[in-house]
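Per numbering that gives the first Met the number 0: the sequence shown = residues 0 to 405.
It should be emphasised that the hints constitute simulated quantities derived from the structure, not laboratory data. Model, not experiment: these values are computed from the prediction. Incorrect hints may have been included.
Stated by the list, open to error - Taking lysine to aspartate or glutamate pairs in the DMTMM-like style, the calculated list, with each CA pair at most 20 Å apart, reads:
# : residue 1 : residue 2
1 : Lys162    : Glu172
2 : Lys295    : Asp279
3 : Lys162    : Glu207
4 : Lys89     : Glu126
5 : Lys307    : Asp279
6 : Lys162    : Asp214
As the list claims (entries may be wrong) - Ranges of calculated distance between the beta carbons of each label pair, as one might list FRET restraints:
#  : residue 1 : residue 2 : range
7  : Arg57     : Phe134    : 29 to 39 Å
8  : Ala217    : Arg57     : 51 to 61 Å
9  : Ala375    : Arg208    : 45 to 55 Å
10 : Ser241    : Cys316    : 14 to 24 Å
Glycine included, C-beta positions come from ideal geometry on N, C-alpha and C.
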Amino acid sequence: MDSLITSAAHALAQGDPLGALKRVALRDDASALALRGIAMAQLGEFVRANDLLRRAARAFGPREPVARARCIVAEAEIALASRDLGWPQKGLAAARATLEEHGDGLNAAQARYLQVRRLVLIGRLDEAERMLADFDPTPFPPALRTIYELVVAGIAIRRLQTKVARAALARAECAARLAGIPALTAEVESASTLMKTPAARLIAHDGERQLLLEDVEALMASRATIVDACRYVVRNAHDVISLNTRPVLFALARALGEAWPGDVPRDILLAKAFGARFLDDSHRARLRVEIGRLRKALRPLAEVRATKRGFVLVPLCEREIVVLGRPVEDENGEVLAFLTDGESWSSSALAIALGKSQRTVQRALDSLAAAGKVQAFGRARARRWITPPVPGFTTTLLLPAPPLID
0 MDSLITSAAH
10 ALAQGDPLGA
20 LKRVALRDDA
30 SALALRGIAM
40 AQLGEFVRAN
50 DLLRRAARAF
60 GPREPVARAR
70 CIVAEAEIAL
80 ASRDLGWPQK
90 GLAAARATLE
100 EHGDGLNAAQ
110 ARYLQVRRLV
120 LIGRLDEAER
130 MLADFDPTPF
140 PPALRTIYEL
150 VVAGIAIRRL
160 QTKVARAALA
170 RAECAARLAG
180 IPALTAEVES
190 ASTLMKTPAA
200 RLIAHDGERQ
210 LLLEDVEALM
220 ASRATIVDAC
230 RYVVRNAHDV
240 ISLNTRPVLF
250 ALARALGEAW
260 PGDVPRDILL
270 AKAFGARFLD
280 DSHRARLRVE
290 IGRLRKALRP
300 LAEVRATKRG
310 FVLVPLCERE
320 IVVLGRPVED
330 ENGEVLAFLT
340 DGESWSSSAL
350 AIALGKSQRT
360 VQRALDSLAA
370 AGKVQAFGRA
380 RARRWITPPV
390 PGFTTTLLLP
400 APPLID
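Let the hints inform the model, and build the full structure from the sequences given.
What follows is the structure, given as structure tokens:
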């Protein structure tokens, strides 16, 4: 490898893409194309970066499998940064295997982290943890150790393990300081703000208040019966009843939870669950059927009793009933939650992450755009959606679980 390529690679490792481009901008050999692609990616020019990396992979040819594998890993990193979750994962797994086979542990570790970070983004936390279980980051440079700790913190935050998350973020901060890469330090600082901003809203009989992540963790371990509007479940410290695929039952449970210890009139329940404006015999009959289903579903945690004017939720073992809501309520809150990470998302990537159809996601994006909450750039397959972070809005509780079925 000649001196210009070596110095350009060193500049990229230090987070200096412009310095790297000064050295290889006019060269079209395979190594220079790869470095130019990585530099353009660091500058946010993802389309141009992908084109350069593909050209580099072709130029390396089958006789240089390690170099080709490194290009694939770089492409995968660009795909993750641009929230292209449909990027072929088999190619990344094969590249990782090639790198491990040829002793390139550093880039193989980077490939592993990319796989894990994608799993975390789409809420497959168990798989992500299994991929990290046998990995020791100690021998690797500070930049890679920072990424490892960010992944650990991301999983812990989504599992509401705040002590584990804080410890991982502290280690990430130390490693980022040693790495001396401004972009990496900024990423650690951004992750740390999640611990300081409200993650949910507590709705109880004595009023509402915002909760930090550690407050939510304490609530989950308390004796309260919780109607969790972030994950669409009813739970206590020991039992979880999912209503994730039963939106009508969840709407009834939330209405009853918000009114506890009082009851809710039948007309209000009909309006919240079915959107009914007027009562007739068919509405009353439907409400009785759905209340019966809710009563059966919640039997391990609470009773649903009839009153003169409606129904009331009665917890077992004299527990308190509270509702855990999102910090910001919005009809399209699930979509907005993903966009508030400050990254650009395609509608197809959002559909994968949310488990919804792309058409459903597109309708939600159009609605949010009309309200001025998101904006799009690019056209056709290059179209991306983005929004600046909403003040005081943490998406953590919305990421792990899929939304209600349409």
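Quick rundown of the hints versus the structure:
Annotation: proposed proximity of lysine 162 to glutamate 172 holds, straight-line Cα distance about 15 Å (limit 20 Å). Between lysine 295 and aspartate 279 the alpha-carbon distance is near 25 Å, which puts this suggested pair outside the 20 Å criterion. Between lysine 162 and glutamate 207 the alpha-carbon distance is near 25 Å, which puts this suggested pair outside the 20 Å criterion. Pair hint lysine 89 plus glutamate 126 holds up; C-alpha atoms about 16 Å apart against a cutoff of 20 Å.
Between lysine 307 and aspartate 279 the CA atoms are separated by roughly 17 Å; this keeps the pair inside 20 Å, and the hint holds. Restraint check: the Cα-Cα separation between lysine 162 and aspartate 214 comes to about 12 Å, which is no more than 20 Å; the hinted pair holds. Evaluation of the 29 to 39 Å hint for arginine 57 and phenylalanine 134 yields a pass: the beta carbon distance comes to about 32 Å. Separated by about 55 Å at the C-beta atoms, alanine 217 and arginine 57 satisfy the suggested range of 51 to 61 Å.
The beta-carbon spacing between alanine 375 and arginine 208, approximately 35 Å, falls outside the hinted interval of 45 to 55 Å. Separation of serine 241 from cysteine 316 is about 21 Å and conforms to the stated range, judged on CB atoms against 14 to 24 Å.
Hint compliance for this structure: hints 2, 3 and 9 are broken, all remaining hints hold.
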